[in-house]
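A.B. asks: So the protein sequences, as listed, match chains A and B. So the first sequence is numbered by the UniProt record's numbering: it starts at 1 and just counts up by one. So the second sequence is numbered by the UniProt record's numbering: it starts at 1 and just counts up by one.
Hints in this document: simulated from the structure, not taken from any laboratory. Because the structure is a prediction, the values reported are computed rather than measured. Cβ coordinates follow ideal geometry from the N, Cα and C atoms, glycine included. Wrong hints could be hidden among the right ones.
[Said to hold, decoys possible] Per the computed footprint, the stretches of chain A lying under chain B, defined by three or more beta-carbons under 8 angstroms from a beta-carbon of chain B, are: (1) 3 to 15; (2) 142 to 151; (3) 278 to 287; (4) 290 to 300.
[Said to hold, decoys possible] Straight-line C-alpha distance at most 16 angstroms; calculated EDC-like pairs for lysine to aspartate or glutamate: (5) B/K451 / A/E9; (6) A/K191 / A/D233; (7) B/K451 / A/E17.
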Amino acid sequence: MSAFNAIGEEREIDREEFTPGIEPQPTWCPGCGDFGVLKALKQALPEVGRTPEETLLVTGIGCSGKLNSYLDSYGFHTIHGRSLPVARAAKLANPGLEVIAAGGDGDGYGIGGNHFMHTARENHDMTYVVFNNEIFGLTKGQTSPTSPKGHKSKTQPHGSAKEPIRPLSLALTSGASYVARTAAVNPNQAKEILTEAIQHDGFAHIDFLTQCPTWNKDARQYVPYTDVQDSDDYDFDVHDRVEAQEAMRTAEEALYEGEVLTGRFYVDETRPSYQGEKQRIGEMPETPLAERYFDDDYEWERAYDEFIDKHR
Amino acid sequence: MTESELIWRISGGSGDGIASTSQNFAKALMRSGLHVFTHRHYPSRIRGGHTYTEIRASSEPVKSRGNGYNFLLALGDSFARNPQEDAYYGNEELKPLSENLDELREGGVIVYDSGLLDAGEIEEFDRRAEENNWHVYPIDLRGMAREQGREVMRNTAGVGVTCALIGMDLEYIQDLMREAMPEKILEPNLEILQTAYDQVKEEHDPDAHDVAVPSGEHDEPQLLLSGSEAISYGAIDEGCRFIAGYPMTPWTEVFTIMTQSMSQLGGISEQVEDEIAAAALALGASHAGVKAMSGSSGGGFALMSEPLGLAEMTETPVVFVEAMRAGPSTGMPTKTEQGDLEHVLYTSQGDTHRVVFAPGTVEEAYDQTRTAFRIAYEYQIPAIVLYDQKLGGELISVPESTFDREPNPDLGSTLTEAELEDAPHNAAGKYERYQHDVADGVSPRSLPGQKGGRFLASGNEHEPSGHISESPENRVAQVDRRSQKVEAIRADLDDEGNQTPHGPEDAEYGILTWGSQQGTVEEAVDELNAAGHSVKSLGVSDLVPYPVEEVEAFLESVDEVLVVEMNASAQFRGLTQKELGRYGEKLSSLLKYNGNPFEPADIVDGFESTMIDGNDDVPGIETTFVPAAGD
C-alpha cells in the first residue's frame, strides 16, 4: 500500500475543502490584495483536480507567509526568502505532490533573489506566486525591491536611488518556462492564470500584483488592468522569447508610468522540467523517492558491497 | 636494529599525483597484511606548491600519523619548473627535499629525483645527512620514466625504488595497477616499476640502512577508508537518499562521495546556489519523507544557521555534517583545526536544540553518522556530525566487520496512513502534529500526501495543528516539549558507548580530548606509561548532549587533567566546565593551532612539561598551554 494515498486521488473536489474550519480569520488589513491570491488559489486548485492533501504550499515570511494558515492543505511556512529551496526539494523527493511556493516581493526578489534565479534556471515543476505590492508591509512600510525609483520611506528618506527589479524579465532570463503577471483586483484572470500555471510542467512564475491599502496607497495595484492577451495594442507571441521579452519590458516600465499590463507573457511547453531532465540523465528515480521507505520490496542492502569493494 | 614501523612520505607539488600514488601504496601495504594510517598535507592551490602524504604501516594497529617519519621519496615539483609559473610562484623546486628534512628520523632514508632536484643546492644538506645518519639515494626517476613512457610516470618509478629499498614484494603494487589502470598505460607503468626496482637492487645495497617494510598478518579482512568515506557510508546505510550542498574544502569530499553514490542508489544529489539553499533543500526533502543531509565547512555552515533553526522549530529531522578547517573566515582552506566547536554548539537564534557528534576514528565516523540519522529521525531534531580535515582526509585500514550492520531505512517517528486514522485531530480535521503531552517530547509526524495528516510546519511558534500561535500557555508547552527531547536523547545515547577510555583505570593523570585527536592521544598515553608515568585518557565523541556522568567520573578518578584540542581558545575545555559546573582548577590545556594535527610526541612533551615539570614553555612545537584556572 502506498504511503501517500491522497496523491493522484480522482474525485470531485469541493472548493470549501481548502477552507480551514476553525482557523482564525485572516489578519490581513481590510482591502489587502492578499485576499485576492487566497481566493484565486482556492478556485484554481479544485479546478485542476488537486486535493488539499496532495497540495504542499510553501511560504516565506511576511503578510504573504500567512497564506498557509488560511488555505487548508499541507504547508511549510519557512523563513524569509527560503521558500523556493524547501519547495523544490519536496517536489524532488515526492514528485506526486502539487508544490506551490508563495512569498512577497521582498521575500522573493530581495532576500530570496538568488534562489529565484536558480529555481527558474533549473525549471522545477512548481508554481511560484510572488505577492508584489511594492512595499515591505508587515515590517511597516519600508522600500522593497519593486518600489519605484524615488520612493520615500523611513529607510529611504531621500527617496530610493535604485531602479526597481524587473521580475518578469528576470524570470524569463533565468529560465522560467511560464511567466505571467496578474492582479488581485482582477479575480477572473487571476484564477485563470493560476490554473494554467499549476498545470504547467515546469517553473511557473506569477508576479501577482497585490495592493497594500495601509503602507502603499501610491502603487498602481488598484487601477484597472489591461489584459495583454485581450488587447490588440499588445499583440505578441507568448511562445517567442524575443517578443515576450519586449512585452515584459513594456509592462514593467508601464507599471510605474500609469498602466497596469497583465496576462501571460511567456509560455514554453517544450522545455522539459528539471525533474524530467534529472530522470533522463539518470540522476533521479522514476518512482518517487519518498515511496521507497514504505516499499517492502525495495532492496536497501543491494548496493552496499559495490562500494566497499573498492576499499579492499 | 630494524625499526618496527615504516613511515613513508612522498612529497612533490599539488597535481603531481602524490595523492593517487600514496593511496595505492597504502593499499598495497594493507594488502600485505599491515595496518596503515595516512596523513595528508597540501596547500590551497591546484598545481605546484609543496604537498606530501605520509603512510604509516605497522604490524600493530596504528591510531595516528606517528612521530616523524623514516622514508622520504622526494619527487620534486614538476610545475615549479615551468618558467611561466616561475615568475608567479618563484622557484620552489627544492621544497620537496628541504621542506621535509626536519621531521625525518635519524637513520632515515631519502630517495630524491636527481632529474629534478639537486641536494647539493641545499645548504648544510651533507652535514645534516651525516649527522643524522640519513641514507641518501639520488635517482633519476624522471629520466627513467621518460625513457620508457612518459615523465608523469616517475611516481611509479619512485614506488619501484621504494619497494627495492624496503624489501617489499612488487606483487601487491602490480595487482593494484592491473585492477585500476586502463590497458594503454598499464604496460609502461608495470615496466617502469620493474626497471626501477631491478636497477636499485643491482646498484645499491638495501641492507645499508635499517628501514624495512614490517611483516604482518591481519586477524580479519581490512578496508582502506577515509573519515569522509566512513561518514558517507554511514549515511547511506542509514537510508540517506538525498543530499544537497555547495562545494567547500574539506566538506566537498563527503559531498562528492555521496553524490556518486546517490545516482547509483537511486537517491538524489543537488549542488545548489549556496549553503542556505543546500540546508533548506535538505529540510524540504525530509519534510516530504526522505532521509536527507547537507553539510559544509565553517564558513558555509555559518549560512546554514537559518535552516538549522527552522529545522528545530518545525521539528524536521535532518543531518548536517560540518568539516572543520582552520578559521576564522576562510582561514586556511586545506589545514586542520577544531575551532568550530562553539560555532556548531551555538549556531542559530533562540532556544535551539541540536545533537552534536564528534567521531574520533574512521570506525566511529561510520557508527556515529548512523546514530546521527537515527536520533534525528526518531526525535525530529537536527543532528550534526562535527569532524575535521584531518579525520576526513586520512586513509586508515579498518576491519571490514565495522560495516556489517544492517541497513536502516526506518523514518523514525513518522506515522503511516493507517496510524494517522487513530491519531488526534483538531475539530477542523487537522492532524495534531505538535501535541503538547507526548512521551520524550516526540510528537509523531505525517508526510505531505498522506490522508488525514494535514498540518502546517511553521518556523513561527505554533499550536498543535501547526498554526501560528502567540498564546503564552502554548508557547511554554511547546518550548518545554522541544527541550524535553534533549534529556530523552541523553538517556538514549548512554547506551551507545561513544566515549572512549584508554589506559590504566587507576592512573594518576588524565588526558581529555575530543574528535580526531583521540587516536593520537591514546598513542601518547601508551608512550607516557611506558616512560613510567601513570596516565589514562578519555576521547569524547558526544558533544551535545554532553556525557556529563562519564566525564565527571573520569575527572573524579584522577588528580589532574590535560585537555588536548586543536584550537587557540580551549573551546572543549570551556564546554566541559560549563556542562560540569566546576573542575576549572583541575584542568589544563594543551592546544595546537598551526594547521597541523598533533603528533603523539607533541602530547608527550606537553604532558611532561606542564603536568610534571610545571613548565609551560615547550621548545620545538607550536603549542600553547592555558594554565589551570586559579594558577
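A.B. asks: State for each hint whether it applies.
C.D. replies: Each hint, compared with the structure:
Against chain B, the segment 3 to 15 of chain A contributes 5 residues with a C-beta closer than 8 angstroms to a partner C-beta. That satisfies the three-residue criterion, and the hint holds. Counting residues of the segment 142 to 151 of chain A whose beta-carbon sits less than 8 angstroms from any beta-carbon of chain B gives 0, not enough to reach three: the coverage restraint is violated. With a threshold of 8 angstroms between beta carbons, the proposed coverage of the segment 278 to 287 of chain A by chain B holds, since 5 of its residues qualify and at least three are required. Counting residues of the segment 290 to 300 of chain A whose C-beta sits closer than 8 angstroms to any C-beta of chain B gives 6, which meets the bar of three, so the coverage hint holds.
A hinted pair counts as satisfied when its Cα atoms are at most 16 angstroms apart, and B/K451 with A/E9 qualifies at roughly 10 angstroms. With a CA separation close to 24 angstroms, the supplied pair A/K191 and A/D233 exceeds the 16 angstroms bound. Distance restraint check for B/K451 and A/E17: the Cα-Cα separation of roughly 13 angstroms lies within the 16 angstroms cut-off, and the hinted pair is therefore satisfied.
Against the hints set out earlier in the document, violations occur for numbers 2 and 6.
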